[in-house]
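Respectively, the protein sequence lines represent chains W and B. Heads up: the first sequence is residues 11 to 128, going by my numbering. Heads up: the second sequence is residues 2 to 129, going by my numbering.
Rather than coming from a laboratory, the hints here were simulated on the basis of the structure. It is possible that some hints are incorrect.
To spell it out: a stretch of chain W is covered by chain B in this simulated footprint if at least three of its residues, at any positions, have a beta carbon under 8 Å from a beta carbon of chain B; those stretches are [said to hold, decoys possible]:
#, segment
1, 30-39
2, 44-50
3, 72-83
4, 98-104
5, 113-122
The following label-pair restraints were derived from C-beta to C-beta distances [said to hold, decoys possible]:
#, chain 1, residue 1, chain 2, residue 2, range
6, B, VAL39, W, LEU99, 19 to 25 Å
7, W, VAL48, B, GLY98, 44 to 50 Å
8, W, LEU99, B, LEU114, 36 to 42 Å
9, W, LEU105, B, THR13, 23 to 29 Å
10, B, LEU102, W, ALA52, 36 to 42 Å
11, W, PHE22, B, VAL32, 19 to 25 Å
12, W, SER18, B, GLN53, 48 to 54 Å
Please read these numbers as outputs of a predicted model, since none were measured by experiment. The beta carbon of each residue, even a glycine, is placed where N, CA and C say it ideally should be.
So the chains spell out like this:
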Amino acid sequence: MKRSGTRSNEAFWWSLFSAGGVMSALFVPVLIVLTGFVLPFAGDPAASYHRVAHALSFWVVRIVLLGIVTLSFFHCAHRIRHVLPTVGLRITPGLLAVLCYGGAFAGSVATFAALVRL
Amino acid sequence: MRKPYWREISSTWYLSSWPYRWFMVREMTSVFIGAYLVLLVMWLFRLAAGAQSFEQMLVAMRSPLSVVFHAIVLAAALYHSITWFNLTPKVMPVRIGEERLPDPLVAIGMGYLPWVVLSALVVWGVLR
Numbered sequence: 011m012k013r014s015g016t017r018s019n020e021a022f023w024w025s026l027f028s029a030g031g032v033m034s035a036l037f038v039p040v041l042i043v044l045t046g047f048v049l050p051f052a053g054d055p056a057a058s059y060h061r062v063a064h065a066l067s068f069w070v071v072r073i074v075l076l077g078i079v080t081l082s083f084f085h086c087a088h089r090i091r092h093v094l095p096t097v098g099l100r101i102t103p104g105l106l107a108v109l110c111y112g113g114a115f116a117g118s119v120a121t122f123a124a125l126v127r128l
Numbered sequence: 002m003r004k005p006y007w008r009e010i011s012s013t014w015y016l017s018s019w020p021y022r023w024f025m026v027r028e029m030t031s032v033f034i035g036a037y038l039v040l041l042v043m044w045l046f047r048l049a050a051g052a053q054s055f056e057q058m059l060v061a062m063r064s065p066l067s068v069v070f071h072a073i074v075l076a077a078a079l080y081h082s083i084t085w086f087n088l089t090p091k092v093m094p095v096r097i098g099e100e101r102l103p104d105p106l107v108a109i110g111m112g113y114l115p116w117v118v119l120s121a122l123v124v125w126g127v128l129r
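With the sequences and hints as input, model every part of the structure.
See below:
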């Protein structure tokens with residue numbers, strides 16, 4: 011039970027959830043279509059490589075992509091954190107939050123690492 | 002610390018009616034989107050590793066397994082997008098003076114229209 015006066019950081023996580031929900035709703039379907047269907051089957055893989063490398067040669071594109079992926083990761087983490095206890099997972103809420111948001115943080119760091127290497 | 006209190010809850014409560022089932026489908030889309038994001042990060046690492054590595058991954062992603070995975074993930078992502086845009090006017094009603102804009106108008110203006118425009122922009126940016 012939270013004592014009155016204890017600050018909740020739920021609003022912070024909810025704001026990331028909300029921003030991530032918008033980002034993944036707007037961008038994830040088109041990314042799936044491109045990376046999963048169009049690019050693998052678009053004829054010459056070398057041409058696909060040059061197209062993608064060129065698009066990601068612009069720093070603004072990398073920064074936007076990092077924002078999309080990071081916020082989407084936190085969106086997923088938030089939903090998973092809140093849905094698992096409702097399907098019977100008995101795990102200390104604090105630990106579950108650390109696992110979910112920690113996973114999202116790790117995914118975001120990995121995305122950053124990949125994008126700076128391009 | 003006291004032992005935490007767990008309210009007794011059936012682990013299949015959401016199977017009891019369609020609104021609950023669709024709620025659980027919506028929440029579960031995040032698992033599929035998360036799985037896709039992990040693959041996308043790996044894809045970016047292959048891109049960073051150079052042309053040969055990336056092209057090998059592109060060819061590997063022609064496998065039926067990859068196509069089925071992406072079809073499932075796409076269905077989940079589309080369900081997330083549609084439910085998200087439809088909920089936007091309920092979460093953030095847009096008022097002009099005293100008048101509240103009709104929900105479908107807000108869903109289109111703040112959801113479906115930017116969705117189409119941005120998707121087209123991404124396709125153009127990559128494939129031009």
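Between VAL39(B) and LEU99(W), is the Cβ distance one that fits in 19 to 25 Å?
holds, 21 Å
Mind taking a look at whether chain B covers the segment 72-83 of chain W? Criterion is 3 or more residues with CB to CB distance under 8 Å.
holds (count 3)
Quick check: does the Cβ-Cβ distance between LEU102(B) and ALA52(W) fall within 36 to 42 Å?
Once the Cβ atoms are compared, 41 Å apart, the range 36 to 42 Å for ALA52(W) and LEU102(B) holds.
Range hint compliance [Cβ, VAL48(W) to GLY98(B), 44 to 50 Å]:
Given about 45 Å between the Cβ atoms, the range holds.
Is it true that the C-beta distance of LEU99(W) to LEU114(B) lies inside 36 to 42 Å, as the hint says?
holds, 39 Å
Holds or violated: the 19 to 25 Å window for the beta-carbon distance between PHE22(W) and VAL32(B)?
With a Cβ separation near 23 Å, PHE22(W) and VAL32(B) satisfy 19 to 25 Å, so the hint holds.
Tell me if chain B covers the segment 98-104 of chain W under the three-residue, 8 Å CB rule, please?
With 4 residues close enough to chain B, the hint holds.
Quick one: see if chain B covers the segment 30-39 of chain W, three-plus residues with Cβ-Cβ under 8 Å.
As far as the segment 30-39 of chain W goes, the hint holds, because 8 residues have Cβ atoms under 8 Å from chain B.
That 48 to 54 Å hint for SER18(W) and GLN53(B) (C-beta), does it hold up?
holds, 50 Å
Do at least three Cβ atoms from the segment 113-122 of chain W come closer than 8 Å to Cβ atoms of chain B?
holds (count 3)
Would you say the segment 44-50 of chain W counts as covered by chain B, given the rule of at least 3 residues with C-beta under 8 Å?
holds (count 7)
23 to 29 Å as the expected CB spacing between THR13(B) and LEU105(W), which holds or is violated
holds, 24 Å
Checked against the numbered hints given earlier, the structure satisfies every one of them.
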